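S.K.: These protein sequence lines are chains A and B, in that order. Read in order, the letters of the first sequence are residues 1 to 550 in our numbering. Read in order, the letters of the second sequence are residues 1 to 923 in our numbering.
FYI, nobody ran anything at the bench for these hints, they're computed from the structure. Keep in mind the model is a prediction, meaning the values are calculated, not measured.
Pairs of lysine to aspartate or glutamate residues, derived as EDC-like cross-links and limited to a Cα-Cα distance of at most 16 Å, are as follows:
#1 B:384 / B:461
#2 B:504 / A:23
#3 B:642 / B:617
#4 A:411 / A:454
#5 B:504 / A:26
#6 B:384 / B:341
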Amino acid sequence: MIHKIKMLFLMLAVTVVSSCELDLLDNPNAVTVNNADINYLLNSVTTGYAGNFNAFSDPGMRLTRMLNQGSVIYDNAVSPGSSDGRWSSSYAGILADVSATIPIAEKGELFVHAGISRVIRAMVLMNLVDYFGDVPYKEAVDPANFNPAVDKGADVYAAALADLNKAIEKFNAKSKSGATGDLYYGGNTDSWIRAANSLKLKYYLNRRLIDAAGSTSAINALISENKLISTNAQNLAFKYGTNLVNPDTRHPRYAGQYLPTGGGDYQSNSYMAQLYDGGRGFQDPRIRYYFYRQTTSNTKDVNELRCITLVKPNHYGAKDVFCVATPSAGYWGRDHLNNEGIPPDNLKRTAWGIYPAGGLYDNDANRGVSLGAGAGGAGIHPIMMRSFVDFMLAESALTLKTTGDARVLLKSALEKSFADVRSLALGTSEASKITSFEAEKGIKWAEDVTKYVDYVLAQYDIAPTTDAKLDVIATEYWVALRGNGIESYNLYRRTGKPSGQQPALDPNPGPFARSLYYPLSYVTRNNTAKQKATATVQVFWDNNPANFIK
Amino acid sequence: MLQGKIPGVSVTSTSGVSGTGTNIVIRGYSSINGSNQPLFVVDGVPFNSNTNQRGGFTQGGQSSSSRFLDLDPNSIESVTVLKGLAATVTYGDQGRNGVILVTTKSGSKKARKAEFQVTQSVFTNTAHLPRYQNDYVGGYQQNLGYFFSNWGPTIEEALIYRSQNTNAALTNHPYAFLSNAALRAGQADYVKSVSPYKIAVFPNNVNDFFRQGNIFNTSVNASGGGDNVSYNISAGYLDEQGYIPNNGLKKLNLGLGLNAKLSNKLSVTTSFSYSNTDQYSPPLSGGGGNNAYDFPSVLANVMYTPRQVDLMGWPYEDPTTKNSVYFRSGNDIPNPRWILENYKTTGVVNRIFSATSFNYQLSKDLTLLYKVGLDTYSESQEFKFNKGGVSFVNGYYNTWDIQNTIWDNTVILGYSKVLSKKLNLNARLGGNMRNDSYRNVFVSSQNQLARDLFRHNNFIDNVASDGIQEETRMGIFGEVTVDYSNYLFLNLAGRNDWTSTVEKENRRILYPSASLSFVPTSAFPGLSSDFLNFLKIRAGVGTSAGFPRPYQTRNILDQSARAWLLPSGAAVQSHAVNNSLGNPNLRPELHTEYEFGIETKLLKGLLGLDLTVYRRDTRDLITSAPLDFATGYSATTINIGKIRNEGVEIALTGTPISRPNFQWNVTLNYTRNAPIVLDLGGTLKEVQVSGFGGALGNYAIVGKPFNMIKGIGYRRNAEGTVLVDGGGYLVSTPGAIELGDPNPAFQTSLINGFTFKGFTFDFMLSYRHGGALYSSTAGALMGRGLTLDTGKELYDRAQTFIFPGVLQSDGTPNNKQITASDVGFNNLYFFGDEGRMYDGTTIRLQEVSIGYAIPKKLVEKTPFKAISLSISGNNLWYKALYLPPGLNLDTDNLGLGVGNGLGFELLTGPSARRVGGTLKLTF
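Pulled out of the complex, with its shape left as it was, chain A reads as follows (with noise of 0.2 Å):
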């Protein structure tokens, strides 16, 4: 009977387990890995790349008061939880996807897609380290590695330029097919060679402090080479559109402040004080473009601005704005660290501009943002334009003596800064209203901005020392950096400039963060992370003082 029982139960059994399919492990919704597409992958890797630039803007312009800081304290303005979003959209965004386009890639013989992929990786290490200093890279973005160990900051710097010279040898290189789908420069190789080498620009002058004579050395060289980006089509920026969902292509900024109830960034009141008078008695001609007041003067009332009746503090020096950005204008966002609640000023406060975000031109409308209001979000991420490369150039001609005329750079980054902005403005739907209003107004752009250059060059010529030479050109280059906090940040770092910047509301806010605190997932999830005693710790290039800035 017995033996009955466990016959029947194994045929039982067998009948059972092998009747039926249990083979249900191939997700059946999804495209498996070896379907990749490479322009698809190359897809991910390019529109990645806005979001990661945008990532770490972010805290660059807040700390450099290009944006307003929205903590007390320095330490929590930088907190761990804050970096994650910047951690994972540079390894498992696009490193990871770097890593799956270049074998494809390079196997294929589509030398554009590879070189292109390289740039863009070369950007995000450097932002990495920029950033954070010593971060994972060797071991990095390896699926069998959990625990990824860092690389000191000089090394994945150094593997930053390697990757831009493979790249340019790539682009060089005669590749099966282009990448016309590219999405910052139709596959022009010129142009990508153009902004690789710009790149390496950013790369020696950070590592000027550090390496005066290597950065002076490569730095000529890159002039002599003359492939530096020089015209406007060879801008790096990554451009957006205006379609509102599926996919949202606005502009990020413009997304969260253009709504029918506004709200969004405050502006920083000194950023905006510096383009409204800056010490010269006139707008910066810009100040139109950059910045959209939803009112055109300031409030008195507590209720929408609790400050307004307060005294300036007693930290704040004499040439430092409090509370709004002019006495009556309506220039009103708000002073560093700040991190009070948001009163009913969502329709009044500041808003952005039509540059870089895509926003209103600011025409005395005194009216409120609403969606898809001025150029509907058609905005840009100035990610390495010419101006910025000119200004670089600048400096490196004052500080290291390369070849150039400091002067000369300067004037044509400004120039170079003025176009840019003007001729974006006029590519978009607001470009009739600028004309009329200028036409009412009698405004005269050209004549403007030579008023401007010639104050600047003048303010040059007087500055008594190397030192406050710099200030001039540096104080130029954080206007001309507006909606790039990563370059703004390393300036900041690099030169202390510009000097004076608007103290915090806050007496004791802490020391500068000179870097930012490792993501919290990082500390939380890696067992080699070792999260940093503070936020003054320096990365491997800056080897300014501690406190030398606030």
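Since chain A is already given, all that's left is putting chain B on it; use the hints.
M.R.: For chain B alone, kept in the frame of chain A given last:
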């Protein structure tokens, strides 16, 4: 239904809103990311009890219902809960979280009387609301104005004080100050009609937003039959109104059961049920007291309506565009009444469930049982948002169509033999195969053309995604029970499973169990006395398995057909490496539980005790382990870690009075479960179980209780004193710190039942001790100055406050004075999470009921066989001992939705009180 009745079983609702999901957890959480919900077995076959949530807790998931809602409570004959693994082993891996065995009237094997029964109940459904102060009105820093906050002066003060008495808000309607010119113009006529405006307090502005919902439930049941065939037919209809308008539930249940004895050897039992559940609600999603997080939620802004805002009286839409309008000048708060009218979510379920078993007597000792179950439902969920709101400005329409089917087949060979006079043997050998398939289509559309029309072709942008998921598990199991002389029982069982969700090498897992019980009072007859009537000692060890979700072992690519647009408008496609790393080495997890219990009856059965202690370990825990992004991936599913649950369950029953006409029964239940994370594989320091990205949430941390709450706290010096900045404010920590353990230390309930002639009177009190709670309602109402707790009687806002801390700059004692608004908004409740943490200790009057059955003698003269009537109330009263009393907040709330999160309340709805009566007529 089960709440508090059974030790070790915890039942929590998402909120009091009708039809929202329910969490059931038995003996604690044993998995970090896997399901901790028990298996529902209805009439012997599995019943899907998922909660299909459309999004996370910040994306509107809280309005989804749980699928055991499809059961008709009136047609349930009995419910048995199997808690220990020793008892659930033959139910397979899904029995690891406990098994809830439901027998319906239709599935019952009992002999059926010819009977017809009608049950009608009527209940009211009301919300437990905060107690508001009505002195101070909206504003900030004692300055009158239209803010989110209510930190303004009293109206009397405003009229007197020179800084305030010219405030335009005193004499102008707030709609006169709308920043948007078109919106302002649209309200001009209304503003004119109420001019000159006189500011006033509207004490019932929040209360009037809620309503009394009515719940009607009708059910009929007919049964009958002869010796060989019997039947049961049931039908039920529920019409439930929620405590907010446009929220409710309609449900139709039909059931049919047949028992037939086909021959002397073969019998068959079959039950068949159909249900149609139609749930509708305005959207619900998490909020922190400052609009909803990422997704509209009708209740996100209601609870803290400033006292001078006439929520129910003022217009809520623009007369021409029909856009939302509300009191803040920037119009950045969606008007809750506008949401009520314009935003709807629905869930319609059609479900067929059938369970059939054949029983064949092979020989005297041997029976063969074959069971087949089919559970299939289609669920259609919709989000219907008109254009004109504050988020999804241009409208949003989302449909989610789900089809879920479970086929379950079981064959069991049963053997029963009396081996000797004293020795009895029962054995079962079985095989089971279960196949789950799931198919869904998800379509979202934005940019609505015509208002009020919800068809995807009435929207400009449509995005669709669909998918299928299939999972098969097979098992063979056996069980042997030996009974020696009715005092020694030994049970050995085991099950071997194969799953389709892992690679071939890891497919198989064997899990055995054993239990032994001994009844000394039967073994040694002398032991039994008038004092000790019965004593049973049991010990058991059980194991169970857990399988991963499908498709975790292989890598995939992310594909987007519209990743970007070229300036020409042409779409750009993308492929990217998916951030989840496939793990080919994934294998099932193993749960082991040791259990020991004593059961005794004393004093002629007047006193009874049932005590169980257990320890359950989960090893090779299947965890969606977050990876350092530097690996190139964000997570992988991997076998790491160990969680231990240790607990005690006590049920003490007593009958203090037992007379022919009067009886009093008392039951005291006690549950304590302590879950602790013992290991996370050595690399990970913590895993966020549920919550907001890198900060606030529930965490699994090695060496800590499971689900530890972490969030932003206040900075302290080495002595633990808070640090204060130059403005006199507390300074927040840069990252999340441990803020509390949400697991209650213990829970008890006291059930009293009295019977007197035909009357019964029952009431149940429950008590929860401890368990940390993060509350957005507390944060919003305390941080914005709404309730009695910050009212004139208890809190003088004119005073300044100094935090008892030291200055962070130099460590000297803080002497900086700040205002009431600063304390509430800028420090305790809106900057950092620590201020919103409370001890969740709560005492509650869970249930009261009075019943009366009309005596037989009287009924005999009527056409009825029996008539009974009962009046009952549920969740009538509670008091959270350590929360500000004005909040009147219920600590049992699942702000994070159904899942593994715990201890969060995110403004998703107050709890409900239900009172009503039931009439039962039997013909």
